[in-house]
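Peer 1: Protein sequence lines, in the order shown, are assigned to chains A and B.
By the UniProt record's numbering, the letter at position 33 of the first sequence is numbered 33, and the numbering carries on one by one without gaps.
By the UniProt record's numbering, the letter at position 120 of the second sequence is numbered 120, and the numbering carries on one by one without gaps.
These are calculated hints, taken from the structure and not from any lab test.
Be careful, since some hints might not be right.
In the PhoX-like style, the derived pairs of lysine-lysine whose C-alpha atoms are separated by at most 25 Å in a straight line are [claimed, not checked]:
hint, chain 1, residue 1, chain 2, residue 2
1, B, 107, B, 96
2, A, 52, B, 43
3, B, 107, A, 96
4, B, 96, A, 96
5, B, 43, A, 96
6, B, 107, A, 94
7, B, 96, A, 94
8, B, 94, A, 107
9, B, 43, A, 94
Beyond 10 Å from chain B on every Cβ pair, some chain A residues (computed) [said to hold, decoys possible]:
hint, residue
10, 8
11, 12
12, 17
13, 18
14, 24
15, 25
16, 34
17, 35
18, 36
19, 59
20, 80
21, 86
22, 92
23, 105
Note that CB positions come from ideal geometry on N, CA and C, so glycine has one too.
There are 2 protein chains.
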Amino acid sequence: KMSSSNSPCAACKFLRRKCTQQECVFAPYFPPDQPQKFENVHKVFGRSNVAKLLNELNATQREDAANSLAYEAEYRLRDPVYGCVGLISILQHKLKQVQDDLLNAKKDLATYIGPQAMLPMLQHSGYIQQHPNNPS
Amino acid sequence: KMSSSNSPCAACKFLRRKCTQQECVFAPYFPPDQPQKFENVHKVFGRSNVAKLLNELNATQREDAANSLAYEAEYRLRDPVYGCVGLISILQHKLKQVQDDLLNAKKDLATYIGPQAMLPMLQHSGYIQQHPNNPS
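Bound-form chain A, shown alone (with noise of 0.2 Å):
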């Protein structure tokens, strides 16, 4: 951190201002050498509603904030139609599909050792909590 002490972060740099390091919100997060990680939450969500998310959110959470809104920005600049709400849709579909699979599956060796195959499956492989509105 030594090396970094004395420039700006990525954001202050971008934005061509000083950067305090000790008040400066983005500077933990967004370090000098990874200008592409703010330039991205810059360009889609904009710098002041990233400073305000970050602020209203206590130190400890930060970081993660900080990386979620890097990985959601990513992902829009990259597929500005779906951004990684498509990415959300390919993994619930290929979800449904394993689990179409795995029911087969279990299906197929209850015919060589009997019912309990299905056990297992509906105890461990989120069957049962799937739905938290569905009574069963």
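With chain A's structure known, arrange chain B on it following the hints.
Peer 2: Just chain B now, with coordinates in the frame of chain A:
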């Protein structure tokens, strides 16, 4: 659509400006009866970023873009630290878990019907193309 043709869209209403339905980039995707949808994207991304993003897309892609932005914004307001990246993480974890369960079920099945039990999984369940460029 007749009934809302004279009301400003949710964006223009929120911004207290006149809405020229023909030219307003928000009007088709932020109808006056869904004020929260615009308020959310405005709060998270900023009005001008949303307008810029929609304007850079062709008209056929704008509805999906507006809806995916609204989805991301809603998640970010509900969970300021992780936003919808939290959901991605949950889905990735659950997918890994169900894939492991499927692998075990197929291994069990292979003890009864032989190694061909493993083949459909490798072909259909994404084990082969699973991680093209996994960021984690």
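Peer 1: Taking the hints in turn, state whether each one holds.
Peer 2: Tested hints:
For a cut-off of 25 Å, the pair hint linking residue 107 of chain B to residue 96 of chain B stands: about 16 Å separates their Cα positions. Taking the CA atoms of residue 52 of chain A and residue 43 of chain B, the gap is about 10 Å. The hint holds against a cut of 25 Å. Between residue 107 of chain B and residue 96 of chain A, the direct Cα distance comes to roughly 21 Å. Compliance with the 25 Å bound is thereby established for this hinted pair. The hinted pair formed by residue 96 of chain B and residue 96 of chain A meets the criterion: a straight-line CA distance of about 12 Å does not exceed 25 Å.
Simply put, residue 43 of chain B and residue 96 of chain A have alpha-carbon atoms about 33 Å apart, too far for the 25 Å limit, and the pair is violated. Distance check on the hinted pair: residue 107 of chain B and residue 94 of chain A sit about 21 Å apart at the alpha-carbon level, within 25 Å; holds. The hinted pair formed by residue 96 of chain B and residue 94 of chain A meets the criterion: a straight-line CA distance of about 11 Å does not exceed 25 Å. For the given pair, residue 94 of chain B sits about 21 Å from residue 107 of chain A by alpha-carbon distance, which is consistent with the 25 Å threshold.
Taking the CA atoms of residue 43 of chain B and residue 94 of chain A, the gap is about 32 Å. The hint is violated against a cut of 25 Å. Against chain B, the non-interface label of residue 8 of chain A holds: every CB pair exceeds 10 Å, the least being about 24 Å. Residue 12 of chain A, annotated as away from the interface, keeps every beta carbon of chain B farther than 10 Å; the closest lies near 20 Å. Annotated as non-interface, residue 17 of chain A keeps its C-beta farther than 10 Å from every C-beta of chain B; the closest such distance is 20 Å.
Residue 18 of chain A, annotated as away from the interface, keeps every beta carbon of chain B farther than 10 Å; the closest lies near 25 Å. Listed as a non-interface residue, residue 24 of chain A keeps its Cβ farther than 10 Å from every Cβ of chain B; the least gap is roughly 20 Å. Consistency note on residue 25 of chain A: stated as away from chain B, and its beta-carbon is indeed over 10 Å from all of that chain's, at 14 Å minimum. Listed as a non-interface residue, residue 34 of chain A keeps its Cβ farther than 10 Å from every Cβ of chain B; the least gap is roughly 15 Å.
With 10 Å as the threshold on Cβ separation, the claim that residue 35 of chain A sits away from chain B holds: the shortest Cβ distance comes to roughly 19 Å. Once the 10 Å rule is applied to beta carbons, residue 36 of chain A is consistent with being away from chain B; the minimum gap is 14 Å. Every CB of chain B is more than 10 Å from the CB of residue 59 of chain A (nearest about 12 Å), matching its label as outside the interface. Its beta-carbon lying about 6 Å from the closest one in chain B, residue 80 of chain A breaks the requirement of being farther than 10 Å from that chain.
With a cut of 10 Å on Cβ distances, residue 86 of chain A falls inside the contact zone with chain B, its closest approach being about 7 Å. Separation of residue 92 of chain A from chain B is inadequate, the least Cβ-Cβ distance of about 6 Å not exceeding the 10 Å criterion. Not every C-beta of chain B lies more than 10 Å from that of residue 105 of chain A, the closest at about 4 Å, which undercuts listing it as non-interface.
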